[in-house]
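Based on the provided sequences and hints, a complete structural model is requested.
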Amino acid sequence: MIRSAARPFLSVRRPAWSTSVGKSLAGSGYAPSRNEVTNTFYSSKRLMSSTPSEGSLSATLPGFGSDAISFESDAKTAASDPSITAAVEQLAAFEPTWWPSDQALVLINWVNETAGFPCYAYAIGATTLAFRVALFPLFVRGQRTSSRMAHMQPELMALKEELDKMGGKIDQQTQLMHVKKNKALFRKYDCNPFFAIVPPLVSAPIFMSMFFALRNAPEYFPELLSTGGMLWFPDLTVADPYCIMPVFSALLFLGITEVGKEQMMASDPVRGRTMVNAFRALAIVMVPLTMSFQSSVFVYWTTNNTFSFVQTMVLRQPSVRKYFEIWDPPKPIPGQELKLSIFDEIKNLTQKKKKKELNAWAEDRVKAHNEIIVQQRMVKNQLTEKKGLKPKG
1 MIRSAARPFL SVRRPAWSTS VGKSLAGSGY APSRNEVTNT FYSSKRLMSS
51 TPSEGSLSAT LPGFGSDAIS FESDAKTAAS DPSITAAVEQ LAAFEPTWWP
101 SDQALVLINW VNETAGFPCY AYAIGATTLA FRVALFPLFV RGQRTSSRMA
151 HMQPELMALK EELDKMGGKI DQQTQLMHVK KNKALFRKYD CNPFFAIVPP
201 LVSAPIFMSM FFALRNAPEY FPELLSTGGM LWFPDLTVAD PYCIMPVFSA
251 LLFLGITEVG KEQMMASDPV RGRTMVNAFR ALAIVMVPLT MSFQSSVFVY
301 WTTNNTFSFV QTMVLRQPSV RKYFEIWDPP KPIPGQELKL SIFDEIKNLT
351 QKKKKKELNA WAEDRVKAHN EIIVQQRMVK NQLTEKKGLK PKG
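Each residue of the sequence shown is one higher than the one before, starting from 1 at the first, in this note's numbering.
Just so you know, the hints here were simulated from the structure itself, not pulled from any lab data.
There could be a bad hint or two in this list.
Said to hold, decoys possible - Computed list of lysine-lysine pairs in BS3-like fashion (alpha-carbon distance at most 27 angstroms, straight line):
#1 K353 <-> K367
#2 K169 <-> K181
#3 K354 <-> K367
#4 K181 <-> K165
#5 K355 <-> K367
#6 K322 <-> K261
#7 K183 <-> K331
#8 K322 <-> K188
#9 K380 <-> K367
#10 K160 <-> K180
#11 K331 <-> K261
#12 K160 <-> K183
#13 K356 <-> K367
#14 K331 <-> K181
#15 K188 <-> K356
#16 K352 <-> K367
#17 K180 <-> K165
#18 K169 <-> K180
#19 K356 <-> K183
#20 K188 <-> K165
#21 K188 <-> K160
#22 K183 <-> K169
#23 K355 <-> K380
#24 K331 <-> K160
#25 K181 <-> K160
As structure tokens, this is what we get:
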């Protein structure tokens, strides 16, 4: 489905000469990929806009070297392949809106056109890596802030407890003093809590935009994406036939959780442990819930998770942490009582219930056994009385 609403931003219209891109060169044996043909379409468009003579125009196919081909001669061969014509027409007819997912597709197409990749999957991966490299300084700043907030947490909690002890008897001057103490504490540790939440605030919109863009891409460019894959997933419009990328992506997510769990539990062990367990569960259910997604989505997810895993491993190295001024997690305070997480509380309640049921079952067994003994003794006494003997006991 192609949107009909025209938008002035980066809209592309198919010129009359757009079918002049050829699939193969006569006598050369070279057969360019559909992705190369579409890239040549954009290149030839730029040449047409800057050269006065249409008959003398030529373009060079990516990967073919410097041999020029004539627009007029290739128009015949391109017209004979409906799939190439359809791919070019779909790219030309795409009219993006201001919606972030559309702009993400515009960016991926621009990367694909500029770099001249042999397949569309490379463009998705390159765009993903470009985003992650650009966001790397924010993640480093967030790690630095989180590590320092973990060390200042005991002092911050002491200030909070001091305020809680006053109950409702807090005047405006006391509140101002409390705010000043908090600010002084953050200055002491040279950190701003805002930078701890900047990475997720910035990366979440990008993640959602890329996800919906690649989910909708097969509707806009079915011909281009149907041959835009590689290796075992040549078709980006369908799910991974062997479920390799969904499993690998989930394993990477689990690896990120396990490697970075110390940092997550540093500032708040209870909440951090809950988050770690939640992420572990999410990694398990991720495979069956997402295995039907198109391969184009998993090219993005796999690339993104691979970068995250490598980034987490790199930021764990002592030399790297020292360079970026990221502090090591604080050691537990001796004698400090740690509150149980939700999962631990549920586990303890379950264990208590099982223990109670086991004790009740044991009591019932003992009671039943005693009743049997009493009955046996009564029967034995009755038999003894019939024989005229004095019963024992």
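Do the hints match the structure? See the list:
no.: 1; hint: K353 <-> K367; in the structure: 21 angstroms, holds
no.: 2; hint: K169 <-> K181; in the structure: 19 angstroms, holds
no.: 3; hint: K354 <-> K367; in the structure: 20 angstroms, holds
no.: 4; hint: K181 <-> K165; in the structure: 16 angstroms, holds
no.: 5; hint: K355 <-> K367; in the structure: 18 angstroms, holds
no.: 6; hint: K322 <-> K261; in the structure: 20 angstroms, holds
no.: 7; hint: K183 <-> K331; in the structure: 24 angstroms, holds
no.: 8; hint: K322 <-> K188; in the structure: 19 angstroms, holds
no.: 9; hint: K380 <-> K367; in the structure: 20 angstroms, holds
no.: 10; hint: K160 <-> K180; in the structure: 13 angstroms, holds
no.: 11; hint: K331 <-> K261; in the structure: 15 angstroms, holds
no.: 12; hint: K160 <-> K183; in the structure: 13 angstroms, holds
no.: 13; hint: K356 <-> K367; in the structure: 16 angstroms, holds
no.: 14; hint: K331 <-> K181; in the structure: 24 angstroms, holds
no.: 15; hint: K188 <-> K356; in the structure: 51 angstroms, violated
no.: 16; hint: K352 <-> K367; in the structure: 22 angstroms, holds
no.: 17; hint: K180 <-> K165; in the structure: 18 angstroms, holds
no.: 18; hint: K169 <-> K180; in the structure: 19 angstroms, holds
no.: 19; hint: K356 <-> K183; in the structure: 50 angstroms, violated
no.: 20; hint: K188 <-> K165; in the structure: 25 angstroms, holds
no.: 21; hint: K188 <-> K160; in the structure: 17 angstroms, holds
no.: 22; hint: K183 <-> K169; in the structure: 22 angstroms, holds
no.: 23; hint: K355 <-> K380; in the structure: 37 angstroms, violated
no.: 24; hint: K331 <-> K160; in the structure: 21 angstroms, holds
no.: 25; hint: K181 <-> K160; in the structure: 11 angstroms, holds
Hints 15, 19, 23 from the list above are not met by this structure, while the remaining hints are.
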